[in-house]
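Trainee: The lines below spell out each chain.
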Amino acid sequence: MKAKKVLGDDADIVLADARYEQISKIIEASLVKGERKRTVTDVLDKVFLNKYVGIPAFFALLWAVFQFTFEASAPFMGLIEMLFAWLSSLAAQIPNEVVASLLADGIFGGLGFILSFTAPIFFLFFALSLLEDSGYLARVAFVFDKLMFKLGLHGRSFIPMLLGFGCNLPAIMAARSIEGKKDRLITILTVPFMSCAARLPVYVLIAGAFFASHAATAVWSMYVIGIVVAILFALLLRKTILKGEPAPFIIELPTYKMPTLWGSVLHMWERGVSFLKKAGTYLLVGAIILWVLSVLPWGVEAGSGDSLIGLIGQTLQPLFGPLGFNWQIVSSLVFAFLAKELVVESLGVIYGVGGEASIQAALVASITPVSAFALMVFTLLYVPCLATVGVIKKETGSWKWTLFAVLSEMAIAYLGALLIVGLGGLLGFS
Amino acid sequence: MVPGARQHVGNWPGKTVEKKEGSFSHKGVPLKLVDLPGTYSLTAAAEDELVSRNFIIEEKPDLVVDVVDASNLERNLYLTMLLLELDTNVLLVLNMTDLAKEKGYKINIDNLSQKLGIPIIATVATKGKGIAELKDAILKAAQTRITKKNALNYDKQIESLIDYLVAILTKDKNLPAKYPLRWLAIKLLEKDEQALAVAKTSAVSRELLEVVA
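First to last, the protein sequences are chains A and B. Position 238 (the first sequence) corresponds to 238 in our numbering; numbering is contiguous. Position in the second sequence counted from 1, then plus 1000, gives you our numbering.
Bear in mind the hints are in silico, worked out from the structure with no lab data behind them. We put the CB at the ideal spot given by N, CA and C, even for glycine. Worth double-checking, as some hints may not be accurate.
[Stated by the list, open to error] Interface residues of chain A toward chain B, partial, derived using beta-carbon atoms under 8 angstroms: (1) 6; (2) 19; (3) 26; (4) 32; (5) 39.
Generate the whole structure from the sequences, applying the supplied hints.
Mentor: Quick look at the structure:
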């Protein structure tokens, strides 16, 4: 007896068809479909799931999210900053010079500075929770899925990518639900381009310094660039080393619901608290290490070019010369390999106390707006943090792919920033 | 005796990749629940589907609670079919019946239950409707396993292929305790990776592969 004679080559499809046939028979006998009432969901989906309007509508909503984040968080940022400036001035009066400097410059100057960005992170999470709880984010996955499938990519990848807006780690782990090794790999390799919450403080600091009233738009553009780069990179992988056909997938679209304030606050808290935990542990240790590096060898001016942190920055600075980054920025980027918040933290330590305004003034004095935008793009695209590298290793089970991920992200970040500088030059900005 | 009931809840992909456990007691009977990744199918190709499937095969839960969107039966009953094929004790929960009503659907639950050969409970989970009935039904279904006839019979030729494979599989003494044989035979016909791997290491591998390969 040969199975092939009966079932042909696609036995799984033949059997699946038989099951669906049985299902429709059962349903026919037990279900009456009456007049369908037009629901709110139908009306909203006419817009949000529309072939042409769906994706632009998402980007427009995202823009509104950043306007809200900026406006709502500004007063809170000011308050937190005042608190740390005050603590820092108190600490500076401690008679022991080393303790005073560690507390004033390292802990309150570095860690305190990053903590003032708790406000935009929480407000962003609040806004995204509203979108998620309303049932809208599932629609976003759906419209991008259609686009990606047309491009030959696995549509299911966009859900992990959306999760990446919060933190890349769970997003990379969520790629497990994707069928097929190649599709899973493509997703794992592209998720890191999705802008996670840790990158937000960097954007807020730089955009606030250079782009004034367009700051929210500049931050928004990072999220858009992240999505575009992720899709382009996925396409490149699909056409070269990870060839294959995508499998269609079905996604359940929940009906729209009015999000509850309490529900969204709870959601925001769950996500935001992980940032606070990180601040209390890794970023605190980071601040101490950065401070040590900024005052050694003992006796040099803290955070100057003669300190260890200065030497690291100055050694690598020529590599970043074409991008217009000074050594202060270069050393902050080196430390940010561990976690992106360290860009802000190390700038806080290097430029010393004085809060956001004085650090922004120092940045404006040392780099051009085009380089500043390039810095945002670089921060967006290069390795998100050491923990993501670990998760990529765990999920791919291969050092080869992990190394590939790290190197490709570095290369894309550098090329992306270079492209910005080049375009900026062509367009006559400097 | 303490029966353990395990819950299976559908979800949109990306949310539950791993199983979660919890427990509660109803009418003094402690029940253990396991929330499996929500899927529409049970193939060996996707990791979340495999997690759910292996759990059911290996742990042999007393009951699988299959929670589906009542407003979308065509799509959701596919998983129910697969669960029945896996020879599990299934309780079907038609959730979101409010939405189905809004869409103008009238579901004859008794008829559906009889056709599928399993108990069915209707709920609106967001409003807590039907939850008390669900708990009763879980307890009852977990304690009294109904032996049902096959919910799905394929056409004669396929059925005789399945019977032929089952006859071969029965000869391997290790298999019947581990796998529902009819299910394993169907998966072999589908060239399911996991089933083929089982076939290759079995004592009757040559006979099996002769049919399937």
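Trainee: Let me know if the C-beta of residue 19(A) comes in closer than 8 angstroms to any C-beta of chain B, holds or violated.
Mentor: At 5 angstroms from the nearest chain B Cβ, residue 19(A) passes the 8 angstroms test, so the hint holds.
Trainee: Is the shortest C-beta separation between residue 26(A) and chain B less than 8 angstroms?
Mentor: Status holds, d = 5 angstroms.
Trainee: Given residue 39(A) was flagged as interface, is its beta-carbon under 8 angstroms from a beta-carbon of chain B?
Mentor: Holds. Min distance 6 angstroms.
Trainee: Quick check on the hint: residue 6(A) CB to chain B CB, less than 8 angstroms?
Mentor: Because about 5 angstroms separates residue 6(A) from the closest Cβ in chain B, which is inside the 8 angstroms limit, the hint holds.
Trainee: Return the status of the interface hint for residue 32(A): holds when the least beta-carbon distance to chain B is below 8 angstroms, violated otherwise.
Mentor: Interface hint status for residue 32(A): holds (4 angstroms vs cutoff 8 angstroms).
Checked against the numbered hints given earlier, this structure breaks none of them.
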